[in-house]
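Peer 1: As a plain string of letters, each chain reads:
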Amino acid sequence: MRDVAIIGVGETEFGELWDRSFRDLGIEAGLKAIQDAKLRSEDIDAVYIGNMSAGKFIDQEHVSALVADYAGLADMHLPTVRVEGGGACGAIALLQARLAIASGMHDIVVVGGAEKMTDVGEVQAAEILSSTADQEWETVFGATFAGLYAMMARRHMYEYGTTREQMAAVAVKNHKNGALNPEAQFQKEITIEMVLQAPWVAEPLGLFDCAPLSDGAAAVVLCEMQKARKFTDTPIRIAGSGQASDFLALHDRRDLTMMDATVVAGKRAFQEARLEPKDVQVAEVHDNFTISEILAIEDLRFVEKGKGGPATADGLTALNGKISVNTSGGLKARGQPVGATGVAQAVEIVRQLRGQGGKRQVVGARRGLTHTLGGTGATAVVHIFERGD
Amino acid sequence: MAIPRFWREIQSRYNLIGTKCGSCGKVDFPPRAVCPTCGRRSVGKMQRIQLAGKGAVVTYTVIHDAPAQFEMQKPYVMAIVQMDEGVRLTSQLIDVKPEHVKIGMKVQATFRKLGQEGDAGVIHYGYKFRPMA
Numbered sequence: 001m002r003d004v005a006i007i008g009v010g011e012t013e014f015g016e017l018w019d020r021s022f023r024d025l026g027i028e029a030g031l032k033a034i035q036d037a038k039l040r041s042e043d044i045d046a047v048y049i050g051n052m053s054a055g056k057f058i059d060q061e062h063v064s065a066l067v068a069d070y071a072g073l074a075d076m077h078l079p080t081v082r083v084e085g086g087g088a089c090g091a092i093a094l095l096q097a098r099l100a101i102a103s104g105m106h107d108i109v110v111v112g113g114a115e116k117m118t119d120v121g122e123v124q125a126a127e128i129l130s131s132t133a134d135q136e137w138e139t140v141f142g143a144t145f146a147g148l149y150a151m152m153a154r155r156h157m158y159e160y161g162t163t164r165e166q167m168a169a170v171a172v173k174n175h176k177n178g179a180l181n182p183e184a185q186f187q188k189e190i191t192i193e194m195v196l197q198a199p200w201v202a203e204p205l206g207l208f209d210c211a212p213l214s215d216g217a218a219a220v221v222l223c224e225m226q227k228a229r230k231f232t233d234t235p236i237r238i239a240g241s242g243q244a245s246d247f248l249a250l251h252d253r254r255d256l257t258m259m260d261a262t263v264v265a266g267k268r269a270f271q272e273a274r275l276e277p278k279d280v281q282v283a284e285v286h287d288n289f290t291i292s293e294i295l296a297i298e299d300l301r302f303v304e305k306g307k308g309g310p311a312t313a314d315g316l317t318a319l320n321g322k323i324s325v326n327t328s329g330g331l332k333a334r335g336q337p338v339g340a341t342g343v344a345q346a347v348e349i350v351r352q353l354r355g356q357g358g359k360r361q362v363v364g365a366r367r368g369l370t371h372t373l374g375g376t377g378a379t380a381v382v383h384i385f386e387r388g389d
Numbered sequence: 390m391a392i393p394r395f396w397r398e399i400q401s402r403y404n405l406i407g408t409k410c411g412s413c414g415k416v417d418f419p420p421r422a423v424c425p426t427c428g429r430r431s432v433g434k435m436q437r438i439q440l441a442g443k444g445a446v447v448t449y450t451v452i453h454d455a456p457a458q459f460e461m462q463k464p465y466v467m468a469i470v471q472m473d474e475g476v477r478l479t480s481q482l483i484d485v486k487p488e489h490v491k492i493g494m495k496v497q498a499t500f501r502k503l504g505q506e507g508d509a510g511v512i513h514y515g516y517k518f519r520p521m522a
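Taken in sequence, the protein lines are chains V and G. Heads up, the first sequence is in the working numbering, so the first residue is 1 and it goes up one at a time. Heads up, the second sequence is in the working numbering, so the first residue is 390 and it goes up one at a time.
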């Protein structure tokens with residue numbers, strides 16, 4: 001396999017962007033990434049798009065060709081690919097693009113991720129998110145996406161003594177980081193009390209335990225490593241990638257307090273990179289709910305199983321803590337345009353490893369990790385990145 | 390949900406029909422064509438089985454933000470139930486106050502209305518669970 005590096009990144013602001021369409025967002029992120037890489041359109045071999053559900057959110061399928069078209073690439077007749085995999089689609093698109101370059105088929109691929117979620121009402125948007133769970137055997141009985149994560153939280157509290165305050169600490173930390181990110185949806189700090197007093201969504205998760213509905217897009221430019229050095233002095237190498245799947249329905253999983261897909265994807269990525277969790281200084285993990293980040297840092301072995309709550313409350317995962325987790329603000333504060341998530345996580349890690357983290361820069365960051373989930377953990381993707389200079 | 394789509398699954402939603410692997414004996418619900426443990430060895434050996442309808446709560450939640458279909462029922466309790474046969478499923482818990490639900494609580498299946506297609510469409514029936522009598 002040929003080595004692959006990221007040579008350009010770009011993203012839109014995230015939020016409820018009433019004046020921006022799906023194509024506006026996709027194009028803005030893509031053009032920013034291309035500009036960042038100092039590419040010409042002729043250099044691009046293919047376009048990969050992570051998108052969860054444009055068909056349901058904006059009634060538009062075939063978004064891969066659409067994005068290439070409006071990015072001015074129609075006359076080049078590039079191959080375009082749209083990837084679906086629940087919330088993990090952006091991270092899978094990145095993995096597939098990496099493989100296309102590693103194999104020698106392409107040299108330069110633009111990977112975008114985008115979702116426009118606010119053209120439908122909140123109840124409908126929540127139902128669309130729920131469709132990544134099992135529609136026949138979970139949601140038809142009244143289960144919601146938040147409800148399924150709430151049942152993981154309840155069981156984690158029961159088995160490990162995790163508290164609502166510890167889960168709230170995830171939201172508080174990520175809002176604190178988001179306040180340092182000019183592209184984040186929420187750039188405002190919150191307190192533990194605010195999280196605990198927020199209205200219930202699905203007990204034991206309240207409104208501030210849940211990531212928001214968002215519009216937004218992100219893009220990265222991937223390039224074969226030798227060629228990458230012609231474009232940049234700081235190519236960010238993809239050192240390892242792992243993807244794993246599991247039972248679609250939560251109730252069929254081996255253990256409701258851990259995600260085997262995350263465990264396996266993490267092992268595969270670390271094995272390929274020949275690294276250990278301790279070698280990583282900064283991680284973007286899938287905090288669609290506060291409990292999700294606690295599970296992720298345990299299942300990726302940054303902390304001992306069952307200790308994710310206390311570790312967060314003690315500041316181990318804070319900015320420049322033992323490992324800095326979700327420096328962008330995470331899904332919770334940066335926002336959660338689903339298809340963009342996996343790509344936006346990679347954008348943040350690239351910025352951190354280049355030393356472009358601004359006020360949220362992790363000191364001495366040389367290696368970073370992204371972790372992205374589909375559904376309630378039926379898909380997990382982990383990428384490990386390192387400076388290539 | 391389209392009528393045939395719901396109708397196709399009513400055997401399992403009405404009568405808790407699952408499968409038992411003829412190779413390892415593990416019970417699955419809903420029915421599977423392939424046993425997750427035995428893989429290809431189980432093909433053609435998956436036998437239909439009716440669950441007895443008794444189990445215990447593994448975890449639960451109280452839903453406050455509900456889908457449009459369930460708006461009138463909120464807040465309501467959803468649980469993952471471990472059946473006596475070993476398999477787990479997701480269901481509403483009824484006839485119990487949310488504050489009285491406990492992990493480990495014994496529950497049994499009961500036949501209830503799940504929802505309906507708008508004001509004049511078909512009614513969907515299926516299982517819900519309630520505390521063991």
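Derived by calculation from the structure, the hints in this document are not laboratory data. Since the structure is predicted, the reported quantities are computational estimates derived from the model, not experimental observations. Using N, Cα and C, we set each Cβ at its ideal position, and we do this for glycine too. Certain hints may be false.
Which stretches of chain V does chain G cover? Using the computed rule of at least three CB atoms under 8 Å from a CB of chain G, they are [unchecked claim]:
{"no.": "1", "segment": "69-77"}
{"no.": "2", "segment": "223-237"}
{"no.": "3", "segment": "336-347"}
{"no.": "4", "segment": "362-370"}
The list that follows gives simulated cross-link-like pairs (lysine-lysine, DSSO-like), each with its CA atoms no further than 27 Å apart [to be verified]:
{"no.": "5", "chain 1": "V", "residue 1": "Lys305", "chain 2": "G", "residue 2": "Lys463"}
{"no.": "6", "chain 1": "V", "residue 1": "Lys267", "chain 2": "V", "residue 2": "Lys230"}
{"no.": "7", "chain 1": "V", "residue 1": "Lys56", "chain 2": "G", "residue 2": "Lys491"}
{"no.": "8", "chain 1": "V", "residue 1": "Lys307", "chain 2": "G", "residue 2": "Lys463"}
{"no.": "9", "chain 1": "V", "residue 1": "Lys359", "chain 2": "V", "residue 2": "Lys322"}
Below, a sample of chain G positions facing chain V; criterion: calculated Cβ distance under 7 Å [unchecked claim]:
{"no.": "10", "residue": "Ile452"}
{"no.": "11", "residue": "Arg477"}
{"no.": "12", "residue": "Gln481"}
{"no.": "13", "residue": "His489"}
{"no.": "14", "residue": "Ile492"}
Peer 1: When the hints from earlier in the document are held up against this structure, which numbers fail?
Peer 2: Result: hints 1, 2, 3, 4, 5, 6, 7, 8 and 13 break, sorted rising.
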